[in-house]
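K.L.:
Sequence:
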Amino acid sequence: MIDNDITFANIRTLSGLIKDKEISPVELISIFLEKIEKLNPALSAFITIANESAYRDAELAEKAIMAGDYKGMLHGIPIALKDNIFTNGVLTTAATPGLKEHIPNYSATCWQNFEDAGSILIGKTMLHEYAIAASLWSDGYGAARNPWDQVKTTNGSSSGSAAAVAAGLSTVGIGTETGASVRRPASFCGLVSMLGTYGRISRYGVIPNSWSLDHVGIMTREVDDAQIVYEAIAGHDHKDPTSLQQDIYSNKNLTRESNNLIGAIMWDHIEGSVDEDVMVAMKEAVQILQDAGVKIIEIQSSALDFAALTSSVMMKSEVTAAHSHALQLSPEKYSDSLRALLLAGQDNKTEDYLLALQARRLIHNEVKGFFDDIDFIIVPTTATVATNIVDGFSAMRDRPFEVGGNWHNLHRVSSLLGLPTISLPHSLNDDGLPTSVQFIFDHYEEKKLFEFSKFYRSLQPWDKKPSLEYEPSEMIKEKNIDKGGQVKPDPNFLHQQTSALNKLVTDPFTEPMF
12 MIDNDITFAN
22 IRTLSGLIKD
32 KEISPVELIS
42 IFLEKIEKLN
52 PALSAFITIA
62 NESAYRDAEL
72 AEKAIMAGDY
82 KGMLHGIPIA
92 LKDNIFTNGV
102 LTTAATPGLK
112 EHIPNYSATC
122 WQNFEDAGSI
132 LIGKTMLHEY
142 AIAASLWSDG
152 YGAARNPWDQ
162 VKTTNGSSSG
172 SAAAVAAGLS
182 TVGIGTETGA
192 SVRRPASFCG
202 LVSMLGTYGR
212 ISRYGVIPNS
222 WSLDHVGIMT
232 REVDDAQIVY
242 EAIAGHDHKD
252 PTSLQQDIYS
262 NKNLTRESNN
272 LIGAIMWDHI
282 EGSVDEDVMV
292 AMKEAVQILQ
302 DAGVKIIEIQ
312 SSALDFAALT
322 SSVMMKSEVT
332 AAHSHALQLS
342 PEKYSDSLRA
352 LLLAGQDNKT
362 EDYLLALQAR
372 RLIHNEVKGF
382 FDDIDFIIVP
392 TTATVATNIV
402 DGFSAMRDRP
412 FEVGGNWHNL
422 HRVSSLLGLP
432 TISLPHSLND
442 DGLPTSVQFI
452 FDHYEEKKLF
462 EFSKFYRSLQ
472 PWDKKPSLEY
482 EPSEMIKEKN
492 IDKGGQVKPD
502 PNFLHQQTSA
512 LNKLVTDPFT
522 EPMF
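Each position in the sequence shown, counted from 1, maps to that position plus 11 in the working numbering.
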């Protein structure tokens, strides 16, 4: 078995070793690349392993450090990027047939910020095609496997980044999400994941899906690592029209100590819609916080019953629009499954999208009202622990079009409203699979988010890592994937569901007309 100690070290430890010249960037990158070579055939975490550029950049980092030009804690640290993030001179495929040989001539701002900090690109990671979850399996590319159990899914769409960090193949993973594509795989793989307020981290150079919902997110093994990365890559970018101009910690001062904060939970949206392992983790998390002096109150929301449907309608419309031109010009450059999904999306109705926009405003107003009296909302990150890859989506209890008291409506609110959110691993279940909880904060409250998360981690320590005792496996083949688990929303069904949005939107303003 590979010695995992240094590959599982946190950023502060690695940066200290590099700064003190106890290990060179070249030596460190060599250790990671050797481990990737041995384990990636079993995990399929990487589409492209950046051997050549990684060694080149590590040598440059080493020369700079030896010359006294140490850039900071990310200098020489390996980073795994989701393969829909442009990297100058390095293959960027988005796991789609049409981009299998695509080498960009510029880099996404988030990666440029890493480069400016001296970080090393270790590789480009597996994802669902174009980060759209039409299936757990990307045609021609495969599926990432969960390091905790090779037959389990990482979920997605940022599947490879999660697998890479969880297995110690990279110190940091960067993903993207439109619905929950950073937080879900991080949860299944026992990682910390963090989203900033919408617009905090530039999306320039990231292949777009939904301009209203897309986020770049961070995956690490520790909260402190996530904060170090956030501080390096967040900030205003004039090339991204949605980028915020405020300081990355707009609200710098905590009004209360972490143990005096007030949290909220919506048990009516959780009970009955998550598995027992997840429910146990939620109850334990609440009890741990209460024992430490944190006040947890129960709240209820009628508007949040519509969060997942609102997000799904917006996503479906905007994803279809984002791909409409390319799909019309070159439909053969998409896989059969994604092409069918996008073609179905062309039946979208304008009134459904407009209703969803207004519904989001109503949901926003209600949630913002909660934050007048509370500091955070505690929510399950997923409804289950990691499920079998061969079972597809059907095992995950996702309910993206369901109205009512369901965990999915809580889960989607972060990306729908652009709220800063952190998901933290909580414990292992009896089968040795991670459970997690997530905390949603008000806009611009990243400082409070990190301080509270470190406080929570002091109450519920986490130092677990997978054994990595498996060998490359051939047992998971595309033919075994549950194709019935593909996402194939019926346009008529979705339009019928949006009648509920009509009621949500019009009821506050009018009496029934009929």
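Check each hint, because a few of them may be wrong.
[Unchecked claim] BS3-like cross-link-like pairs, simulated, lysine-lysine; straight-line CA separation at most 27 Å: (1) K306 with K458; (2) K379 with K306; (3) K344 with K458; (4) K476 with K163.
Since the hints were made in silico from the structure, they are not lab data.
The structure displayed is predicted, hence computed values, not measured ones.
K.L.:
Against this structure, judge whether each hint is valid.
P.N.:
Against the structure, the hints come out as follows:
1. For the proposed pair K306 and K458, the alpha carbon gap of about 20 Å is at most 27 Å, so the pair holds.
2. Of the supplied pair hints, the one linking K379 and K306 holds, its CA atoms being roughly 19 Å apart against a limit of 27 Å.
3. Pair hint K344 plus K458 does not hold up; C-alpha atoms about 43 Å apart against a cutoff of 27 Å.
4. Restraint check: the Cα-Cα separation between K476 and K163 comes to about 16 Å, which is no more than 27 Å; the hinted pair holds.
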